[in-house]
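Chemist: Chains as they are written, first to last, in full-length UniProt numbering: chain A, 1 to 447; chain B, 1 to 447.
To be clear, the hints were calculated from the coordinates, so they are not data collected in a lab. Here the structure is a predicted model, which is why all the values come from computation and not from measurement. Certain hints may be false.
Label pairs and their computed distance ranges (CB to CB) [what the hints assert, rightly or not]:
#1 L371/B to R17/A: 39 to 45 Å
#2 I382/A to L351/B: 30 to 36 Å
#3 A158/A to S144/B: 27 to 33 Å
From the three backbone atoms N, C-alpha and C, an ideal C-beta is built for every residue, glycine too.
Protein chains: 2
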Amino acid sequence: MPAVSDLDHIRSLIHDRFLIELSESMQPMPVREIVATIGSLPSAEAALVFRLLDKDTAIAVFDVLDPAAQADLIETLGHTEFAEMISTLEPDEQTRLFDELPAKVAKRMLASLDPHQRDAAMALLGYRPGSVGRHMSPEPLTASVDDTVGDVLRRVRAADGGVAAYAAIPVLTQGRVLVGVIDLIELLRHDVPEPVASFMDADPVSARTDDDVERIARRSLDHGDLLLPVVDREDRLVGSFPIADAALIDKEAVAEDQARAGASEPLRRPYLLTSVRRIARTRIVWLLVLAVSAVLTVHVLELFEATLSQQVALALFIPLLIGIGGNTGSQAATTVTRALALGDVGLRDILRVAWKEVRTGLLLGLVLAILAFTVATLIYDIGIGTVIGVTLLLNCPIAATVGGVIPLVARACRVDPAVFSTPFISTFCDASGLIVYFTVAITVLNL
Amino acid sequence: MPAVSDLDHIRSLIHDRFLIELSESMQPMPVREIVATIGSLPSAEAALVFRLLDKDTAIAVFDVLDPAAQADLIETLGHTEFAEMISTLEPDEQTRLFDELPAKVAKRMLASLDPHQRDAAMALLGYRPGSVGRHMSPEPLTASVDDTVGDVLRRVRAADGGVAAYAAIPVLTQGRVLVGVIDLIELLRHDVPEPVASFMDADPVSARTDDDVERIARRSLDHGDLLLPVVDREDRLVGSFPIADAALIDKEAVAEDQARAGASEPLRRPYLLTSVRRIARTRIVWLLVLAVSAVLTVHVLELFEATLSQQVALALFIPLLIGIGGNTGSQAATTVTRALALGDVGLRDILRVAWKEVRTGLLLGLVLAILAFTVATLIYDIGIGTVIGVTLLLNCPIAATVGGVIPLVARACRVDPAVFSTPFISTFCDASGLIVYFTVAITVLNL
Chain A
1 MPAVSDLDHI
11 RSLIHDRFLI
21 ELSESMQPMP
31 VREIVATIGS
41 LPSAEAALVF
51 RLLDKDTAIA
61 VFDVLDPAAQ
71 ADLIETLGHT
81 EFAEMISTLE
91 PDEQTRLFDE
101 LPAKVAKRML
111 ASLDPHQRDA
121 AMALLGYRPG
131 SVGRHMSPEP
141 LTASVDDTVG
151 DVLRRVRAAD
161 GGVAAYAAIP
171 VLTQGRVLVG
181 VIDLIELLRH
191 DVPEPVASFM
201 DADPVSARTD
211 DDVERIARRS
221 LDHGDLLLPV
231 VDREDRLVGS
241 FPIADAALID
251 KEAVAEDQAR
261 AGASEPLRRP
271 YLLTSVRRIA
281 RTRIVWLLVL
291 AVSAVLTVHV
301 LELFEATLSQ
311 QVALALFIPL
321 LIGIGGNTGS
331 QAATTVTRAL
341 ALGDVGLRDI
351 LRVAWKEVRT
361 GLLLGLVLAI
371 LAFTVATLIY
381 DIGIGTVIGV
391 TLLLNCPIAA
401 TVGGVIPLVA
411 RACRVDPAVF
421 STPFISTFCD
431 ASGLIVYFTV
441 AITVLNL
Chain B
1 MPAVSDLDHI
11 RSLIHDRFLI
21 ELSESMQPMP
31 VREIVATIGS
41 LPSAEAALVF
51 RLLDKDTAIA
61 VFDVLDPAAQ
71 ADLIETLGHT
81 EFAEMISTLE
91 PDEQTRLFDE
101 LPAKVAKRML
111 ASLDPHQRDA
121 AMALLGYRPG
131 SVGRHMSPEP
141 LTASVDDTVG
151 DVLRRVRAAD
161 GGVAAYAAIP
171 VLTQGRVLVG
181 VIDLIELLRH
191 DVPEPVASFM
201 DADPVSARTD
211 DDVERIARRS
221 LDHGDLLLPV
231 VDREDRLVGS
241 FPIADAALID
251 KEAVAEDQAR
261 AGASEPLRRP
271 YLLTSVRRIA
281 RTRIVWLLVL
291 AVSAVLTVHV
301 LELFEATLSQ
311 QVALALFIPL
321 LIGIGGNTGS
331 QAATTVTRAL
341 ALGDVGLRDI
351 LRVAWKEVRT
361 GLLLGLVLAI
371 LAFTVATLIY
381 DIGIGTVIGV
391 TLLLNCPIAA
401 TVGGVIPLVA
411 RACRVDPAVF
421 STPFISTFCD
431 ASGLIVYFTV
441 AITVLNL
């Protein structure tokens, strides 16, 4: 038994939500003392104490608990009120405090929750937001390495649910370690007494709870993996990831990318059912960012106000030139953002990307410059024609290079490339484009 | 036997590729005469004649052919040389000339082709580009309504391939009409002598050959349909559409949308492996369209050149104002294009979309106007502050409404909203924004 004073101390820490201190004060406690503490606390407090243990201790403690206490603990962990209590913590704090849940516990907890509860409860399983752990489904039917086809067939027959839920059947050791996967159809093609281990895929593809869920979703879709087993750090099975969930997550990721490429946030509901105020809210932040950064262009133009008064005609080409520059930049950004999402490029390729974009920009600039020079010389004069042509020839490679490099920099800073790129590129391309334009004009026209 | 003169006439039409005349001249011919004609022509020419028959006639003719002639015909139809001959026709002409292939023929032809040949051969099956018919896989294993579980199990055991290929087994009548689908797992749960008709899903989801493949791909992914049966106009099974193909098609559609939203065309190969010239080619068309349409802004500014000379400071705000206008427009376009893709809005909603965007634009304009008026009044003077504020208040609803409505108009004109919207919106918003700006300036500042 823990000393009463210890128990009182723990209770007061729980009461005051001093979770860091609570976690620290339990670190040196031996397993049997923790078990005794958990036994003498009310369910919610016991669950909180259990959740603060590091994974190895939690495994040891859970194994010592009697089945009734285990069931009680699982139920409390999955309870909405417990989830709400935890959700008052900062997400950072949650991730730091809560180690990954032991496979045995995570598995039983997942299975005990209905899909609505699951969303809330997942937050406190110790998986970071955006990880596979946060989005996995309960494990499907499993087989043991010692099972025969007949054993597994019996379980499949007893279960309900369609082929999507049992397309791939994970094969586990006694310790829940994933060692293989059986394709459901193989059960039909083998005799009842055959051991499943003889024909299982012994090198199965799986996802880890801390893998990035969008990446795994994309991989499932690319490879057509109907049902991916999800394992923890020790390769123990804790859940599954069906292709239908992969499709859903990929769809949301795409919606977010598309909205951000258009400089807004995605709507969570159908367009016509979303209120004007809510739509405006998805757009205003971006407009403000753009408006504030566009003030830079006002300042740049102020520098050249004297030049402008001398030659007002220069103002006529401002929208055309910054339009072309901005577009060249966003084209490059779109291509590189996409290549990043597909894993075709990474931060290590930054110089190769820059070199490719310099040349692409030069080629584009050359075509546009020849065209613009010809047209502007015919309509205005050779002076204006030269200024416009040279400006385009210089601006396009600058815009393309910045547009191509910025998404990589954003990724390196762990910012969503789509969020960061749009305002930054348009501001940079506008401002640098204007500086180039007026510098060229002053030089060529001797202003 | 057809008269020798008829046969010569047909041969000369084939030789000269007068396919429309050929098709017309066969219309009044009775079935037995067509069969005889096909019998007396070399394989390639016979296949061409067969392919020009309307569907009902083709069914009748195929049924009369002896098995060897049927096999010969199928082989020739699937032959690369035949595909090449047909591919010299305009796509429009192909679609107009070639009716849907009878289910029996399509099915056997699909099965006889390897995946590489399939792409080429699909073009001449009479399915329009972008239809499910062009992208379907051969039909999976099927069951007949009279089959027992044992019958189907035997066939599943004899086949190779994993669960993805047999997740859903179509159940057909004698005439190949789809009447149900069996979930593979149900074969495990029912006794061998049971008829499959007793537990099949008698109201199965299927796709039609002429359905839009991107829409069906999206639906498969949304509903998690692992394997969708594909039927022709008479509900006869011709192929299947696995979820992995749906994922692939959806990925390409998304890549295209994203590239076009960024005003370029998608790259077909990984970024770093694509040459500079090829990358430039995906961007130059869009830049030229934008550059040409941006000339409009030069003309608009020329109209106000006198005003500009009087008040050069007005030029300073041009990039800021058109930047905000263009972004407001493209935000609305992105949201509505997405809503269109998801089926949330259609052309019938054009007035509701316009009304929503007018109000959203007004709200955004109001926020930006208050902010801009305050800042510009403090830094410059109340005159400039008023001009900037009023311009934003007017421009934002115009830009948002045009941005929201254009994708719907594009869809109505059967143009890809993403292709049409970007250059049109930026040009329109830039030009209209400048007109509003200078009109407001002339009025407020009494220029």
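Chemist: In this structure, is the beta-carbon distance linking I382/A and L351/B contained in 30 to 36 Å?
Modeler: violated, 51 Å
Chemist: Per the hint of 27 to 33 Å, is the separation of the Cβ atoms of A158/A and S144/B within bounds?
Modeler: Between A158/A and S144/B, where Cβ atoms are some 29 Å apart, the hint holds.
Chemist: Using the beta carbons of L371/B and R17/A, state whether their distance is inside 39 to 45 Å or not.
Modeler: holds, 40 Å
Checked against the numbered hints given earlier, the structure breaks only hint 2 and satisfies all the rest.
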